[in-house]
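Residue numbers for the first sequence follow UniProt numbering, so the first one is 1 and each next one is one higher.
Heads up, none of these hints are tricks.
DSS-like cross-link-like pairs, simulated, lysine-lysine; straight-line CA separation at most 25 Å:
no., residue 1, residue 2
1, Lys-398, Lys-383
2, Lys-437, Lys-475
3, Lys-201, Lys-274
4, Lys-429, Lys-379
5, Lys-316, Lys-201
6, Lys-418, Lys-379
7, Lys-441, Lys-379
8, Lys-418, Lys-384
9, Lys-104, Lys-21
10, Lys-367, Lys-36
11, Lys-429, Lys-371
12, Lys-415, Lys-405
13, Lys-383, Lys-437
Across the chosen pairs, the derived CB separations fall in these ranges:
no., residue 1, residue 2, range
14, His-244, Lys-398, 54 to 62 Å
15, Glu-329, Arg-363, 20 to 28 Å
16, Met-107, Glu-439, 42 to 50 Å
17, Lys-213, Arg-265, 14 to 22 Å
18, Lys-471, His-245, 42 to 50 Å
19, Glu-198, Asn-268, 27 to 35 Å
20, Lys-53, Val-182, 50 to 58 Å
If you're looking for bench data, these hints aren't it; they were derived computationally from the structure. It should be emphasised that the depicted structure is a prediction, and the values quoted were computed from it without experimental measurement. Note that CB positions come from ideal geometry on N, CA and C, so glycine has one too.
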Amino acid sequence: MSPFQMKFTSIMMEMTVEEKKIIKRLDKCDFTEIHKYFVDKNEARKALPKEEKQKLKEEADRLQEEFGYCILDGHREKIGNFKTEPPGLFRGRGDHPKMGMLKKRIMPEDVIINCSRDSKIPEPPPGHKWKEVRFDNTVTWLASWTENIQNSIKYIMLNPSSKLKGEKDWQKYEVARRLKGVVDKIRFQYRFDWKSREMRKRQRAVALYFIDKLALRAGNEKEEGETADTVGCCSLRVEHIQLHHELDGQEHVVEFDFLGKDCIRYYNKVPVEKPVFKNLQLFMENKDPGDDLFDRLNTSTLNKHLQDLMDGLTAKVFRTYNASITLQEQLKALTSAEDNIAAKILSYNRANRAVAILCNHQRATPKTFEKSMQNLQTKIDAKKEQLAMAKQELKRAKADAKARKDVKSKSNVDKKKKLLAKLEEQLMKLCTQATDKEENKQVALGTSKLNYLDPRISVAWCKKFGVPVEKIYNKTQREKFAWAIDMADEEFEF
DNA sequence: ACTCTAGACTCAGAAAGATAATA
DNA sequence: TTATTATCTTTCTGAGTCTAGAG
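Work the whole structure out from these sequences, hints included.
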């Protein structure tokens with residue numbers, strides 16, 4: 001079925017007999033009215049008087065208070081998503097084959113409740129029943145339902161601030177730290193395997209090199225036609241790379257160009273070690289562009305091999321490890337103890353950015369980017385003018401002091417000098433701000449900060465350089481990383 | 001030993017909402 | 001001061017990773 005037919009079918013299924021008589025073709029339908037209806041509704045909500053908005057807020061708070069928490073092991077814990085997802089049109093990311101399908105409303109009859117046998121079992125809404133109530137303490141979810149677009153299960157789970165999630169997070173970083181201890185051995189091993197007689201091993205070793213060096217994701221195989229066409233390391237196809245014996249003065253360059261998770265483009269030109277280059281040539285021999293680059297490899301065999309190298313090691317641990325170690329190294333390289341707090345935070349953001357670039361965390365350029373950049377430039381220009389003026393004034397004051405040789409005119413020179421220095425510093429600050437902004441234009445820092453960087457590195461850095469943790473982590477982040485803030489002293493090393 | 005699938009969990013950027021800065 | 005705008009925070013839910021178990 002074509003995507004369009006699928007959409008139409010999914011909408012047809014919701015239509016009454018009467019509607020089906022009238023509506024035969026979706027492309028003949030005019031949706032401007034319904035679109036206007038929703039736009040208007042949105043505007044109306046925004047234009048609501050203050051006290052009405054206040055009321056809505058209070059109601060939301062009440063819901064949060066009543067449904068937003070659970071008791072786990074005797075502790076009241078915040079729930080991450082305590083509402084089921086509302087019905088609507090499925091969008092998906094990128095060129096998704098199921099775009100436009102109807103996502104159905106979830107009814108109590110769809111919902112499985114998971115709680116303790118001896119707990120107060122939540123009541124379904126009046127006149128309804130739960131699909132099931134179970135008491136499974138081997139999983140962490142509190143409720144679940146099956147979603148109708150991909151037929152996958154959705155869960156109600158705890159907030160990242162919870163003890164359960166925090167401990168899991170800590171564990172994740174501990175595994176990555178263990179990798180630190182054996183990574184040299186593993187690197188030696190895969191270099192050795194580049195020369196293996198077995199094709200499987202060679203492919204595995206080259207893939208692992210990519211995962212390690214470029215922080216690529218594992219790349220599970222996906223069901224065709226069910227999702228957008230994206231790939232990771234193991235699912236790379238011949239068409240996704242180009243080999244250059246020599247490019248821009250560098251040897252053995254691999255040019256990557258593919259869509260990764262969330263249809264984010266990965267584009268990179270990387271010089272690789274010669275055996276890797278030779279192997280890639282070999283892997284690509286007699287293949288079509290659409291063929292798998294690593295035809296003897298999948299994530300399951302790769303992870304099995306990694307498990308043999310270290311307990312708990314999987315492909316994604318390399319991402320965590322390389323992200324965290326990069327942060328630590330960059331912080332060390334970029335921070336000067338004599339810098340002021342603002343400069344230190346700038347260094348932190350630079351280090352964070354290095355990681356985000358490694359992990360290919362991108363964002364759309366903010367809507368107000370150009371404008372705010374212009375504003376900053378205006379400020380810089382104004383500051384430059386002030387600076388020029390101050391320079392002249394200093395010159396005049398110096399001449400004055402030379403002529404008059406009195407105390408007053410001398411102290412005037414000092415004053416002008418101080419002003420000049422102050423203005424110069426302000427200009428510097430503005431300029432670094434501008435560079436920082438420009439470099440950050442399309443880089444998303446949040447994902448790595450929240451998911452890849454061992455928070456203890458940041459906490460230790462804060463303590464070491466006298467930067468308040470609040471400057472690095474906002475309230476939510478401090479709650480999520482409470483375990484690390486508690487645990488790490490300035491001596492912590494990843 | 002393998003493939004396939006279901007299940008459970010982490011990780012992902014956009015959009016909405018709240019707050020701070022600025023005119 | 002207040003209204004507007006820029007920026008930061010929170011919410012949302014889709015898209016991955018990885019494991020276990022059946023055949």
